[in-house]
Structures are given as structure tokens and as C-alpha cells.
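*Asks:* If you want the building blocks of each chain, they are given just below.
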Amino acid sequence: MIDVRALRKEYPVGDESVVALERIDLAVPRGQICCIFGESGSGKSTLLNQLAGLEKPTRGSVRIGGVPVSSLNERELAVFRQRHLGFVFQSYNLLPTLNAVENVAMPLMFRGVSRQRRERAARAMLERVGLKGRMGHYPAQMSGGQQQRVGIARAFIAGPQVVFADEPTGNLDSRTKVEVMEMICDFAHARRQTIVLVTHDDHMARYADRIVTLFDGRIVDDTLNTH
Amino acid sequence: MRFADILRLCRQNLLRRKSRTVLTVLGVVVGCCSIVLMVSLGAGINEQNERMLESMGDLSIITVYAGGSGAGGGIDGKQTALDDKAVEEFRSIPQVAGVTPMASMPYTASLKTGGGDRYVVDYVQVMGIDTTQLDAMGYVLLEGRAPLRSGEVLLGEYTAYDFMDRFRAGEDSMRHHSRGSGGMCVFDESTGTCREAADDPDPFFDPLTTPLTLVAGPSFNGLLSSEGVMAGDAGAAGTPLETALTPVGILKEDYNKGGATSSGLILPLDDLKQLVRDADPSSARASAYDQALVKVTDMAQVGEVEDQIRALGFGTSSVRQMRESLEEQSRSIQLILGGLGAVSLLVAAIGIANTMIMSVTERTREIGIMKSLGCTVRDIRIMFLGEAGAIGFLGGVIGCVISAIASVAINLVSFASADVRGVVTAVIGGGEATRVSVIPWWLYLFAIAFSTAIGLLSGFQPANRAVRIPALDAIRNAT
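So the sequences go chain by chain: A and B.
One point on numbering: in the UniProt record's numbering, the residue at position 124 of the first sequence is 124, and numbering is uninterrupted.
One point on numbering: in the UniProt record's numbering, the residue at position 381 of the second sequence is 381, and numbering is uninterrupted.
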């Protein structure tokens, strides 16, 4: 599903450039929950940016489902994200002016789905994440765990092939962490969706099928998890 | 993304920061009002100028003189005669609606009528025109009809008021008319009060049913100054000629079509020629005229036709020059006023840009989220431009409404009256009143379009800034 070849990313700092990623080769098959594990500064967020097409790599290529993400233009990328990618963020990142239903429906709105249809789908998703009674609530009226469940519903509503989760449990207490991680895994398993989970929390890494460890911009370890 | 959804997001974002939006819109309102009101003052000056020109007569008339301007001859030195051939030549110019020669009586002429020649005009202006061209030339018959037979004549609008009653003395011997001073009042010395135009008295007699006698001759000096003539005592140069005339119509006063339309006598051209020949057979002149009037179909083509006639070797005059200089003047006033107004709209534009930049900065994170969820750069740009444009549009609409009210108020103050008729005049104009502030309908459209454009323009840079925000950085930095 995801195929990364000889990826390299440099950032200019002053006159010099800092190498954030070097010689990354990675293949993630469909349906796998792949954890990218590493200390802060190890380059895991940079890698996520490259995978999701949010940044262009300095060298190398990224393919998702056969599509060369790293060479799409901005507009093609946006459309590709609409159709094939989902995101769960550490700080939930719901839009404060939209209520739960509208937030979940957002990816469908970008695709041009009619309001009635996308909000019906959004209500169904919210029911699945157990927020039936909070449809009309605004982010500020919900707890962190509830907000992250809205975030999960939003990531999965459009049926993406790959969902990127960037420290999805980073801001949650330990009980909610477990709830949220299980929810993400359940969704992924139900429809054989691929998950790329970025975390520095080894408790969370345990939910993954595979753990790729980054250190100083290189893959230093790649192990399959036996549950 | 559907356009309706983009608009909905725009609305939500504008309502989120209500006071900021309101203040920014207010800036545009002020800018829009100042432009509209300033330009409306300029348009008011235009309307006043136009009124003034109209009061001077038909603006599409060119007066043609024999002989070119300057050297008095044609281009190659040969005199171009203003005769029937020349008149035909003018008529063949496509934009010309009508042409008439204009001949005048070379002698002093008087009019008399009534029993015992009671009513007289000592000096009357006599003009001969081609009366078959009345309609084509745009002469307006106030009463009666055009002359059909020899001996039938037309009167000027106020000719009947020029008669003096010889059997009365002092004030009573004349009937005065306020002469088109419109709704303004005429000071009446006898009563010491204002008199409306409608209170004008009738002339001594009905001019259309009373036959007149025209007295004229080479050495005639007017009825009153040569009373002896009345008694049959002929002057040295022979008896003046008396001609019986039947007035059949009254023409509206129009100085551009001959002064006789005010208080004179208008004869068919052939009658006048005959009269002159009869009065003094020795004066049988060539068939050339002093002047001719050319009526142009469209006022805008006056200049063009005038140039053509000049090229034929004639001198011309029209209100064109005056009109052009007036227009030039009011255009520069309008430009100055509009420029003043534009400054405040410029300030408003800066306000919009400021608001939008603030908004982009505030929403950096949201933009990142939207981008990472697959919102296209185009949609984000449209969204920000939409917000900026909406501020401009709203400001423009509100500004126009306020300007309309202010304009009416300015006019009412200038009329110094607030009755219903005053309000109606202040809004749509018309009547004799000249408005100080005139807002033509296109100015509203222009103002709204301009404000919206200003909004879009000021939103352009912030929108570009918004789309350049890298998605994930924005999300992380704002955490």
C-alpha cells in the first residue's frame, strides 16, 4: 500500500542544510497498523509529512496505492488526500466554529458531497464512536476524549485507504488512551485500512502490527509485533 | 467544494468576529459614501449646467453665416454664397434633420392693430424662415398652426405682450409677462409682493384672432417716432408699406432659432422677400441669405456637422464650445471630488487588508487542518477572497443606502422645503428645481462594484499568504 524508496529530506538552516531523513526505504502492506516510533527530533514527524504528501522530499519517492505522491502537484495532492487519506491529530484539530456533525462531515464537504448526504454519513459515524448525544456540540463543549473521537470519526468518514495518526493519544489520560487506540484499530481492521501511527509512547506502540524505530533520521529497527 | 459551502464558511467566519467585521465594513461604508456623495455633487453641477444650456435654447442648432470666419472668404479666397444651393448642400449631410435660411427685415418695422390702431409695437423683429421646415427644425408651436398661405404669419411667444395701448397712460399701457422665469416669483412693484408665473395677465387681445398690420419702409423710423406718417404725411423717402397679416400660430421662445421666436414676427421666407421688394424695388438683392439654421439629429453630432459646414467655407456658431468647456470644467471638478472620496476608500481598503491578515494569522491552524483534510488551495483562496469581497460588498450596499438618504437630505436643505413635492423632486429631479446632489443609477452600481473590487483586491495578498501556509507545521506550531 505504501512504498517508500531512498527517501531523503534536508531542511535549510541558515547557509547549511540539516538532514532530517536519510535513506528511508519502507513498504507497508494493506491493512497493516504500522507504528513509527522514536524520540522527539528523530524525524518521525518529518517522515509522516513526506508520506502524506504534505511536504516534498529532497530525493527519493513515496507511492501510496501505486500513486507517486511525491511528484503530484498541489491540486492533485489535495484531491488525493480527499479520496484516499485520513488524519488523526494529537491536538484533535477540530474547527471551533463547526459542531461535531459538521466537523466530521468536513472531508466530504471538500469533496463536494451535498450537505444532506454528508451530514447523514457524519451522524452515522458519530454513533459508531459513541457520541450519539453530542451531535450538535461544539469542540469547546466536549472533553479531550470526546474531541478525539470526533477526530477519529472525521478521519474514517470518507473511507480512506490510509489513515495517518500523529500522536493521537498524546493529550489524553491513560484510560482514554486505551479507548481511542482500540477504536482506531477496530475501524482499521473492519475495512482493512492501513494505519500509520506516529508515537513516542511505547504503550501505544503495542497496538501496532509492526514497529519502525527512527533515530537521527534513519530507520534503526523494524520489527513485527506478535500479539 | 461546493460554492454554497464556501459561502457558508465565509458567513460563519465573518460572524465569528462580529465587532471586527462591523468596524471593517463601517470603514468601507464611509469610503463608499464619500465617493458617491462627492461624485453626486459633481453630477449636480452637470445637471445645473445642462439646465442652463437648455434655457438658452435648442442645443442641436448650428447657426451658419455667409463667409468663413477670419478672412471672410472661402478657403481659396472665393466667396461662398449662402444661397439655396448651399442650403441644399447642408441638407444632404446625413446627420442633418432640417435646414432653413434665416432672413431678416432690413428696415425698421412696426405693428399695429385694433380699432383706430389702438395697439402698437413700435419696433418688431421680423424674421423670414422656410416655414415648411418648422417640424424638421424642431420649432415648437405653442398654439395654432403653421402658415399655409401668403399673408399668414407666426408670432413669437411674447409678441402679444409687446403691444402698447395708445389710449392709456403709464403702467396701464403695457401688459407684462414674467417670461419663463419658471416657478420663481416675479416681484410686482405695484403690489410689493411676489407673483407666480401663472398669475400673468392676458395680453390686450387674442393674438390668434386679431389681424395685424405691418408697417415698414426704408426710411421708416417706427410708428411712435414718426406720428406724422399716421396722419398721411409721407416722409422724404416715400410712404412706408403697410401689409395686412393674419397670425396663425405662436412659436415657443428659443434664442438659438432666432430672436423673433421670443417677441417678433416670423414670416414665410417668400413673403419676406416680397415685402422687401415691395418696400423698395431698388433693393432687389441677390438670392443670398445672411444666416441659415441647421438642425442636427443628435446633439452629440453637432461638432461633426459643424466641421463639415466650416469645410464648405462658412462661418458657424453653436453651443458646442460653451458646452464643451462647461463639461470639461465639471469633469475636472468631478475628478477632484471623486479623488477626495477615493482617499477614504483607500483607507477602507487598508482596513480590509488588515482585518484579513489578522484573520489569516488567527486561522493559520484551521487552514492547516483544512489543507491536510484535502481542501484545495483554490477553495481556501476563494474562501478568503469571499470574506474580503463580502466586507466590500456589504460596505458598498450600506454606503449606497446612506448616500441616497444623505443626497436627498442635502437637496431638501438646498430647496429649503420639506413638503412631499420637495421630497419627490429631491429624489428624482425634474421640475424647475436644480438639485445640488445628483446620484445617477449607474453610480450605485459602480460604487457597489468598486467597493467589492476593493475588498477582493485587499483580500488578495492575505489569501495568498493563507494558501502558502504549510499544513502540518501550522497544526503543530499552533498547538
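Hints listed in this document are in silico derivations from the structure and should not be mistaken for laboratory results.
Possibly wrong hints are sitting among the right ones.
Unchecked claim - Residues on chain A that point at chain B, a partial pick, calculated with CB under 7 Å: (1) A78; (2) R81; (3) F87; (4) T97; (5) P107.
Unchecked claim - What the simulated footprint calls covered on chain A by chain B, stretch by stretch (three residues with Cβ under 8 Å from a Cβ of chain B suffice, anywhere in the stretch; the number is not a length): (6) 21-33; (7) 110-122.
All C-beta atoms, glycine included, are put in the ideal place defined by N, C-alpha and C.
*Asks:* State for each hint whether it applies.
*Replies:* Here is what the structure says about each hint:
Given the 7 Å rule on beta carbons, the hint for A/A78 holds: about 4 Å separates it from the nearest Cβ of chain B. Because the closest C-beta pair between A/R81 and chain B is about 4 Å apart, less than 7 Å, the hint holds. Because the closest C-beta pair between A/F87 and chain B is about 5 Å apart, less than 7 Å, the hint holds. For A/T97, the interface hint holds, the least distance from its beta-carbon to any beta-carbon of chain B being 5 Å, beneath 7 Å.
The interface hint given for A/P107 is met, as the beta carbon of that residue sits about 5 Å from the closest beta carbon of chain B, less than 7 Å. Counting residues of the region 21-33 of chain A whose beta carbon lies closer than 8 Å to any beta carbon of chain B gives 0, which falls short of the minimum of three for the stated coverage. Given a C-beta distance limit of less than 8 Å, the hint that chain B covers the region 110-122 of chain A holds, as 5 residues qualify and 3 suffice.
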